[in-house]
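As numbered in this note's numbering, residues 76 to 695 make up the sequence shown, in order.
For the record, the hints were derived by calculation from the structure and aren't laboratory data. If you're wondering where the values come from, they're calculated on a predicted model, not measured in any experiment. Be aware that a few hints might be false.
[To be verified] When the alpha-carbon atoms are kept at most 30 Å apart in a straight line, the in silico DSS-like pairs for lysine-lysine are as follows:
(1) Lys525 / Lys481
(2) Lys530 / Lys465
(3) Lys521 / Lys506
(4) Lys548 / Lys538
(5) Lys525 / Lys479
(6) Lys535 / Lys525
(7) Lys586 / Lys648
(8) Lys521 / Lys481
(9) Lys548 / Lys592
(10) Lys645 / Lys479
(11) Lys548 / Lys479
(12) Lys530 / Lys479
(13) Lys548 / Lys528
(14) Lys592 / Lys525
(15) Lys481 / Lys586
(16) Lys465 / Lys538
(17) Lys481 / Lys548
(18) Lys465 / Lys479
(19) Lys481 / Lys528
[What the hints assert, rightly or not] For each label pair, taking beta carbons as the anchor points, the in silico distance ranges come out as:
(20) Lys535 / Ser262: 45 to 55 Å
(21) Ser265 / Asn151: 38 to 48 Å
(22) Val614 / Ala165: 50 to 60 Å
(23) Asp631 / Pro205: 46 to 56 Å
(24) Lys525 / Val614: 48 to 58 Å
(25) Lys525 / Thr483: 15 to 25 Å
(26) Lys525 / Ser467: 25 to 35 Å
(27) Ala491 / Ala299: 50 to 60 Å
(28) Pro205 / Lys535: 16 to 26 Å
(29) Asp228 / Gly155: 44 to 54 Å
(30) Lys535 / Gln150: 24 to 34 Å
(31) Ser467 / Met693: 55 to 65 Å
(32) Gln150 / Arg651: 57 to 67 Å
From the three backbone atoms N, C-alpha and C, an ideal C-beta is built for every residue, glycine too.
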Amino acid sequence: MTSAPALRRMAAIVEGLERRLCLSASFSTPAFYTGVNSATGIAAADFNGDGKADIAVAGLSPTSSIPVIGVYLNQNGSFGTPTLFPFSGAPAGIAAGDFLGNGHQDIAVVDSSSNTLDVFLGDGAGNFTPGAGASLGGSGGDTAIVSADFNGDHRDDVAVLDPAANSVVIFTPGNSFGSFSLAQSISVPSPLNLVVGDFNGDQHPDLAVLSGNGSVYVALNNGAGVLGAPTAYSLGANVSSPVALAAGTFTSSAASDLIGVGVNGQNGEAGFLFGQTSGTFEPATDVALSAVPNLVVTGDFTTAGVTDAALLTASGGLTVLPGNGDGTFATPQSIFTSSLGAPATQAVVDDFGAGPGIAFLSSSQNGFGVTISGAGGGTNSSSNLTPTLKGSLGSSVVAGAALKGKETLTLTAHSAASGSARATILLSPDKSAADSVLTLASAAGKLNLKAGKAKTFALKLPKSIPATVAAGKYHVLIESTDTAGVVTTVDSGQTVNVVAPVVDLTGSVVKAPLTVKAGKKFTLTLLIANSSAANVAAVGLLPFDVETSPDPLLADAAPLLSETHRISIKPGKSIRLTITATLASSAYLVVNLDPKHAAFPNDLNLSNNVFATSRAIMVG
76 MTSAPALRRM AAIVEGLERR LCLSASFSTP AFYTGVNSAT GIAAADFNGD GKADIAVAGL
136 SPTSSIPVIG VYLNQNGSFG TPTLFPFSGA PAGIAAGDFL GNGHQDIAVV DSSSNTLDVF
196 LGDGAGNFTP GAGASLGGSG GDTAIVSADF NGDHRDDVAV LDPAANSVVI FTPGNSFGSF
256 SLAQSISVPS PLNLVVGDFN GDQHPDLAVL SGNGSVYVAL NNGAGVLGAP TAYSLGANVS
316 SPVALAAGTF TSSAASDLIG VGVNGQNGEA GFLFGQTSGT FEPATDVALS AVPNLVVTGD
376 FTTAGVTDAA LLTASGGLTV LPGNGDGTFA TPQSIFTSSL GAPATQAVVD DFGAGPGIAF
436 LSSSQNGFGV TISGAGGGTN SSSNLTPTLK GSLGSSVVAG AALKGKETLT LTAHSAASGS
496 ARATILLSPD KSAADSVLTL ASAAGKLNLK AGKAKTFALK LPKSIPATVA AGKYHVLIES
556 TDTAGVVTTV DSGQTVNVVA PVVDLTGSVV KAPLTVKAGK KFTLTLLIAN SSAANVAAVG
616 LLPFDVETSP DPLLADAAPL LSETHRISIK PGKSIRLTIT ATLASSAYLV VNLDPKHAAF
676 PNDLNLSNNV FATSRAIMVG
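With these hints in hand, go ahead and build the complete structure from the sequences.
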């Protein structure tokens, strides 16, 4: 029996089909690129730092049939001859991620023959060198792989599917040589593939694993990188043979949703699981499909500022379910019926040109294919402009530090556009403009454009990311208003890792008496300086200890007093603090600022916090 929530959701989907018939997507005719044969894995990331997504494919060299990683750099929406990086073994799944935390994208590939994780470390310019990698253990035959920063150390971890062992294993990066170590193993029956999402809205990545038994197993992150025991959720009785899973935000909830696709007899079927911030899911809503799906991906393919679902079908076709942003969908739109060549075996979504595109592996093609939304067969009825962002903002910035880099915004007209248009560049922890934490820049002006023409704006970035912005990874969004007043929000494809600001407190004794009387009060003046290179003021309560030592080596130090002073020191400035004490015998004085490192945990150099008088204070 179908539950009441599922019935209400199904009715809402039907209502959505009726009220949003005009919402449409268009894609370019797929372009195919050779250079790697028998491809087994595909990943997308900006490997050379030019703000455009590149592609890495695992497979075999077309000339020598040795295993290779082919890296294809993006050339304004097309891809040329790949650079091949050989390795030994049998390539399977591949994933991109920043495994060293240096802002450069690296590559990890599963070697299913030796059951190892092979790593290629990027230099940020599109070049790669082999890393240490790791042994995956288990029984071999590992396949799929995903990457995410599960433990919050600003370095991406990897999760690898082990079908033979009915498990998913998670590895965390080690040293600068690209080593990995096993962090956790999660048991899942009959695992088929896995995806990353934030399924409880706490901004920590979680895992969802599709099982051959028709369920999805969701493991939530405790915030420190430990994933809990997975909870099973059924995709519904009609998705009897699931084949693929994808995560996306189909509603206004902060939690990610899931869509699983499969077959029901000879027909296609989709099962939707809508996430709640409690970490649970509503009962699945099943929707019959006109085509049999082979893969499913998500993205804003209509550039309407909401998430859509795209089905890659068993006949080599592409069908889009345009999202309404409230968990309902407009009428499914058939883009291609067979243009992908054959059933796609893997697919990734990224901004390969002027909007989200789908790169896919086809069983009938060597290499890969790419089709880009918003190009070719039609236009987005929601807006007559497509915004794109290009520049050198940087993948990692320190909050409060000087912000370097330039950004340009280009507005491309689908049809003739005349009138005023404007755009706001936002920083958001997800792809929702409503959750943005900062406006980076804005642009506005009169447009008079023919179809296919564009106008470019140079953006003025702020001097810095405010120190009040919490550390973490943020999406750079473009909220634009076209000449007809239609407002849309798109993900620019750029991300910024905001690093917590640091201060650098240093101290010295600038005024100390040469002699004092035993038991009589005397004063000591300390100079406390803030040498922050991040332009961050040191504001708060500064505790410190003063100890006595009988020798200049500061051995056998004994406590004298503890005090706390409220300080506010601008970067590059200093303040003087005066303390009062008494001595019973001659001694050197040792001062330890913030000895417990509690008030200023972001102090850059804690070793600067301990200093002493240059000579002993004599007691007469």
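### Query
Under the criterion that the straight-line Cα-Cα distance not exceed 30 Å, is the pair Lys548, Lys479 satisfied?
At roughly 18 Å apart (the allowed maximum being 30 Å), Lys479 and Lys548 satisfy the hint.
#### Entry: Given pair status - Lys481, Lys525, alpha carbons within 30 Å
holds, 27 Å
#### Entry: Consistency of beta-carbon spacing, Ser262 to Lys535, with hint 45 to 55 Å
holds, 53 Å
### Query
Could one say that the CB atoms of Asp228 and Gly155 fall in the range 44 to 54 Å?
For Asp228 and Gly155 the Cβ distance comes to about 36 Å; the hint is violated.
### Pair hint outcome, Lys521 versus Lys481 [Cα-Cα no greater than 30 Å]
Given pair Lys521, Lys481 holds - Cα atoms ~22 Å apart, limit 30 Å.
### Query
Between Lys548 and Lys538, is the straight-line Cα distance small enough, at 30 Å or below?
Distance of about 19 Å is within 30 Å: holds.
### Query
For the pair Ser265 and Asn151, does the Cβ-Cβ distance stay inside 38 to 48 Å?
At roughly 43 Å between Cβ atoms, Asn151 and Ser265 fall inside 38 to 48 Å, so the hint holds.
### Query
Given the hint that Lys521 pairs with Lys506, does the C-alpha gap stay at or below 30 Å?
Holds: Lys521 and Lys506 sit about 28 Å apart, inside 30 Å.
### Query
Does the structure keep Lys548 and Lys592 at a Cα separation of 30 Å or less?
violated, 58 Å
### Query
CB of Asp631 to CB of Pro205, is that within 46 to 56 Å?
holds, 52 Å
### Task
Go ahead and decide if the range 55 to 65 Å is satisfied by the Cβ distance of Ser467 to Met693.
Roughly 60 Å apart at Cβ, these two residues keep to the hinted range, so it holds.
### 30 Å Cα cutoff - pair Lys481, Lys528
holds, 23 Å
Violation of the numbered hints given earlier is confined to hints 5, 9, 13, 14, 15, 28 and 29; the remaining hints are satisfied by the structure.
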